[in-house]
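Each chain, letter by letter, is given below.
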Amino acid sequence: MSAPRYIYRDLETPGIERLEVYRAAGGYQALEKVLRTMTPPEVVEVVKAARLVGRGGAGFPTGLKWELVAREPLTPKFVVANAEEGEPGTFKDLPILTRIPHRLIEGMLIGAFAVGAHEGVIVCRGEFMEPQRILRQAIAEAEAAGLLGENILGTGFSFKLWVYRTAGAYICGEETSLLEALEGKPGMPRIRPPFPVNAGLWARPTALNNVETFANVPGIILGGAAPYAALGTEKNSGTKGYCISGHVNKPGVYEIPFGVTLRSLINDYAGGILDGRAFKAVFPGGASSSCLTAEHMDLPLDFHHVAQAGSMLGSAAFMVVAEGVCMVEVALRLARFFRHESCGKCIPCRDGTYQIVRLLERMKRGEGVACEIDDIVDLASVMQKAAFCGLGQAAPNPVLSCIRHFRSEFEDHCAGKPCSMLGGGENPYGNHH
Amino acid sequence: MEITIDGRPLTLENPMSILEAARLAGVDIPTLCWHPRVSVLGACRLCMIEVVGMNRLLAACTTRVADRMEILTDTPALRKIRQTMLELLLCKHPMDCPTCVKGGACELQALAYKWSAPVNRFPENPGAYPPVHVSPFVERDSRKCVLCRRCVRVCHEVRGVTVLGAMHRGYLKEIGTYFAQPLDRDFRDPFNCEFCGACIDICPVGALNSRQHKFRARSWEGVQVPTVCPFCSVGCLLSLQVKENELVQSRPRAGVNNLDQVCFRGRFAVDYVNSAERVTRPLLRRDGALVPVDQATAIAALVEQVRPETAVMALLSPRLTQEETADFVDTMAQLFPRSDVRAVCTMGLNAADIPLGIGARPWGDLDQADLVVSVGQDLTLFSPVAGVRIRTARRASGGRLAVLDARDTLLGGEADLWLRPAGAHLPAVLAALGALLVAEHPERLAARPDGALETVFAGAAPDDVEAAAGLAAGSLRRLAGEIAGAKNPIFVANRGWFDPSGQVPRLLVEIDRLLGGSEARGIMFLRTDCNSRGTAELVAAAEPEIDGEPEVLLVVAADPLGTAIPGSVFETWTRKAKFLVVIESTLTPTARAAHLVLPLRVFAEKEGTFLAGNGVAQQLRAALAPPPAVPTLRRTLAALAAGLERQVTFAPPSLVRQKRWSPPERPAVPVPPTPAGQARCLQLRWSPLSDNRVRLVPEADRIFLAPALEVHPDSLAALGLADGGAVRLSSGPAEVTVPVRADWRTPPGQLFLPLDPGNPELAAFVRAAVRPEGWPLSCVNLTGIAPAPARE
Amino acid sequence: MTYPLAAPSNTISPATRERLLRLLAEYPSKPAALLTALYLVQAECNHLNEAVLTEFADIMEMPKSVIYEVTTFYSLYSTKPVGRNIIMVCQNLCCFLRGSDEVVMAIARELGIKPGETTPDGKFTLRPVECLAACERAPAIQINDKLMGPVSPADIPGILAEYRR
Ligand SMILES: Cc1cc2nc3c(=O)[nH]c(=O)nc-3n(C[C@H](O)[C@H](O)[C@H](O)COP(=O)(O)O)c2cc1C
Ligand code: SF4
Ligand code: FES
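Keeping their order, the protein sequence lines are chains A, B and C. Take the first sequence: its position 65, counted from the start at 1, is 69 in the numbering used here, and no numbers get skipped. Take the second sequence: its position 246, counted from the start at 1, is 509 in the numbering used here, and no numbers get skipped. Take the third sequence: its position 77, counted from the start at 1, is 94 in the numbering used here, and no numbers get skipped.
Just chain A, with the same shape it has in the complex (with noise of 0.2 angstroms):
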């Protein structure tokens, strides 16, 4: 746990959400460095040398969107942080938002200097109340101390920052969805191309990323792009913030070089599995991602290696569940959220969601036919390849992967066997969306 920290340095230090403790612990050096020293070119090439991967789950290169973003002949440009944080199992954005929201300024504004933007907006999910109150408090002394605003640090640059709220959909987290919200409609998202670095809010250029990708920026202007890329795996350098929580002893978010092993992270990490019980299996990107077994403890986490094994890393949220935990259930409750968090738009994803659910709340009640089962293995080979977003094409991966690990559990379900173990039974308060 020696490694250098990108996304959570000084996290522990008191007041580091105040400006002045943040500037005293080295904050907005890296700023300073850009604005003084760097042309934008340079500051991409940065990005790029380091091998820097948006951390909101595509892992899409970070440098190479922003020199797509700066290429753009159309102004103004935008910057936009993308802090839904809405997949299930996630919680890595909310410490930066809340205890270090200075490093995501000064990313973001590294990053607007980088592809020629002067607004930029950090677009929140609903329930962040207290992270909003905290991001325009940072960005009131931000302001106050012209670090934003215009003419930054009287070299001429001026970028200005705000913060927005969405209302409570998932589906906000997809980046054209978010931009839709943005623009103050519901979020559905978009046709692409054209791509939001081409024609993004306002149909202006924009530079969209996640919250944990514009962290790590300060930490590599400052420190240079070779140490970063020294770390972590051939495939994915740097850190990462790997949020583990479910069945473990210590849940929690771990910034750890890319490559650490689902052993390690478990036990190393997070304590071991919860009181000692034995390990069943783990979501390692969220709700969206298949389930892994414990065949794959020895498996090095990065985006390759996860999607190598069948699964993918995407905001490396890992969910343990341990023994003892219905699996049908797990599958009911995964799909519940999709069907609860499909925008509507297209078929496969709103009315695929709905069936799958009710085929497993028909088998959870002793009613099913287990031939439903490959009925729901079916849909969801089509909903992966024909839904119109993410959301819709991975909504069945979690049920896919329960039933290909873990399949004579929904049998005995289907065949009316009682099930013991947790959530086995009927749902103690119904089905309430």
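Simulated from the structure, these hints should not be mistaken for laboratory data. For glycine and all other residues, C-beta sits at the position ideal for the given N, C-alpha and C. You may find that some hints are simply not true.
A few chain A residues facing chain C, derived, Cβ under 8 angstroms [stated by the list, open to error]:
1) K52
2) A53
3) R55
4) L98
5) E134
6) G172
7) A173
8) C247
9) M323
10) V334
11) Y433
Given chain A, put chains B and C with the ligands in place with the hints provided.
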């Protein structure tokens, strides 16, 4: 670009979607949410295709073709997707196809027939919801909805009305209205249903249906007859479904003028042809009452009144076909050399005094305009499809829009610049606009105004006109700037009820000439009726001089006593006629006052030509067999000639369009008057109910306004009025009491009154109201306005 | 937004209208301000019913159908009356694994209502929700703007007592 679709090579010049390319190549890719008239959504996923070498499947409607793409449209994986999408829709779809209105014309049926597999793994009872009446004319069965959102998109993007929406989220998503309210009239809302029925046409399934049409006939029954709308001068093409000689449904069909849109009148109001108030036999006044007689008796009664030297007067309507009009004009000239024929429009105004050259251009030209200036009032009410053309052209061209319209209508809200002069001031406003162009943008002018025009402009000092018309200071200057800055501005004008003397088009001709347009190139003009333009080619425009009382007056298809604006010369003429003959299809107020009524065929019973406002000639086809005793107009005229023991020669088709009369291309423009303060000017307003045919349609009165004094909510207090109260209006000696309505669409400080010809008290007031010299017919100069004392 | 929420109201007060107009001035267009403006009105009126939204649509000069589309799309707006304190209990996987069902039941018992309902005195609404981004503190609940966790059924009476006052 070289691509292949299912192995077939295809060379493309222009960028397009894979779906469009496939349609070009004649390859059928199934679609449900895609529709050519609205934006692309990509929601149904039926159009998924494979591109060789790509590991993802793509939606054909949302993906552009790229060079060397090898596209496959029918593979096992794609079939599987299509089957599953249809299964997900059908598993909870009510299977009442045998009684469903859309049965046989349902896109879901057709898709299922071709693409679906006969399995249902997710059966679910759709439940038995009673259909919801979205409005008096539209009903919705949300169980059948496939959520393609075509209705929502056409309502927003094409009609600009925006009353339908996709409410809620995810599996609860439902097409609906604000809080599921029915779309009866809500006059407070600028976004109010126009009852155009575009949502019905575009719905692929039986989720949105016409209440009028329901259970009258299955989609495939009877015949579909292509014809033309008999209402306004846009000239929308219609397809009439006829079963057992009954009109069961009217729907738009694609035309150069209407694309594939139509308004309330073209879709629902044409149902008047089914009205029981039909004149099916000649009626003769005996002992004060109209009694049915046979044709010989009727003709004999008329012949008794006339001799060849009689100065027979005639009023005909621009609702007649070009052929009927020519026959009538020619017959009058041959039988009665001293006869005098005039045309009177639906609003009671002269129908033939607008320059012919004006507006003879295709609507498609709007796509090239960088500025559209819409001049005239309630364009979207009066000729809604013209509003659609402006809106859709703007979506394509990105051009700017300026609107001169006092009332709050859809186009006003969409405009970049919106001026709201009181209607009576519109001529003065245009004159001031001309003056500004001459004074401040000389570099933009192709010609200088001649002496007469200079006098007109000089009489309209911009600052004074702005003040009198209630415009913000400087707003006319901004408009002049917009016009001067545009390369290709187009004026769209209509003759509202506010412009009886036709000053607006005359001034526009002059302004357009100054800007370099020859032959009124820069103007689109909406005349009042379906054949106003054709009528103007055949009928003299000068207003008749009445010496005493017309001995015999023939009124054909016109309704001078029941038109919007009482008190016109034509009305007076009709009232004074010693012997009034009305040739009509329904019992209009004028027909009820006649001595003799001769039956006439309705538009659905005749063949002929209508000339749309922009000169496009379109064919009317007989869809219905007329009642047995209703001859063509030509037969009636021939019978009259025979009764007089004369012969008439009717013009052959080749001569039907030969002009009998040409109104001057550059009529003189009088100096527009500047009426007194606006608060005292009561503007009479046209309403669809002003048309006798619309009044015959059941439930039409539920969606259009009854007469009431319309005052902006913020102006009520200053006048001492209350919403829902009553007001006493006086104009000279005339007085009337009408209800008061707080009305958002009326600008603060102005007063409006929609006219309902069915209200005789109101008509009498308007007729008697004192109008100073030069005042437009449609403005009443109020001398008193006060809350009416409460009745006991 | 300030908590506890106001009691249900059917009109937008002049003060709120004032604030609304100031807010609108900060945005590039009125539609862009829609989400923010709805929050503002909801805080004052408790929820967004037909009377309130009709008045709101007048101020926004937007089609009512569009406003209703947005209002019903997002979970954090309500068109029906809600309690002045909103208790959100996560029921997604991580919280379920750590016993959120018991927490929901405990709250329901304590308030005498079912999940999804509002207490008759209008003080509380109990809303089972999807992930609150607090899985490390599972089972997590959020009352108004305050996130708490892990909570156990035994904590509930104490927590609610604070809001009862
Ligand atoms: C359904 C869905 C939900 C998403 N939710 C989030 C989210 O909550 N936060 C986030 O940062 N990115 C989320 N994303 C990813 C974003 O679309 C986008 O890729 C990301 O914000 C880009 O930033 P990055 O390049 O820095 O990762 C989501 C994507 C999908 C398809
Ligand atoms: S989504 Fe697609 S489908 Fe629907 S129409 Fe399209 S293409 Fe199609
Ligand atoms: S929500 Fe994205 S496709 Fe349905």
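A quick look at each hint next to the structure:
Because the smallest distance between the Cβ of A:K52 and any Cβ of chain C comes to about 30 angstroms, over 8 angstroms, the interface hint for this residue is violated. This hint is violated: A:A53 has a C-beta 32 angstroms from the nearest C-beta of chain C, more than the 8 angstroms allowed. Taking 8 angstroms as the C-beta cut-off, the interface hint given for A:R55 is violated, the closest approach to chain C being about 28 angstroms. A least Cβ separation of about 6 angstroms between A:L98 and chain C falls short of the 8 angstroms threshold, and the interface hint therefore holds.
A cut of 8 angstroms between beta carbons decides the hint on A:E134: the least distance to chain C is about 6 angstroms, and the hint holds. Restraint check, A:G172 versus chain C: the minimum CB separation of about 3 angstroms is within 8 angstroms; hint holds. Interface restraint check: A:A173 against chain C, minimum CB-CB distance 5 angstroms, threshold 8 angstroms, status holds. Taking 8 angstroms as the C-beta contact cut-off toward chain C, the hint placing A:C247 at the interface holds, the least distance being around 7 angstroms.
With a least beta-carbon distance of about 5 angstroms to chain C, the hint placing A:M323 at the interface is held under the 8 angstroms criterion. Annotation: A:V334 was flagged as interfacial toward chain C, and the flag holds, the nearest CB pair being 6 angstroms apart, inside 8 angstroms. A cut of 8 angstroms between beta carbons decides the hint on A:Y433: the least distance to chain C is about 5 angstroms, and the hint holds.
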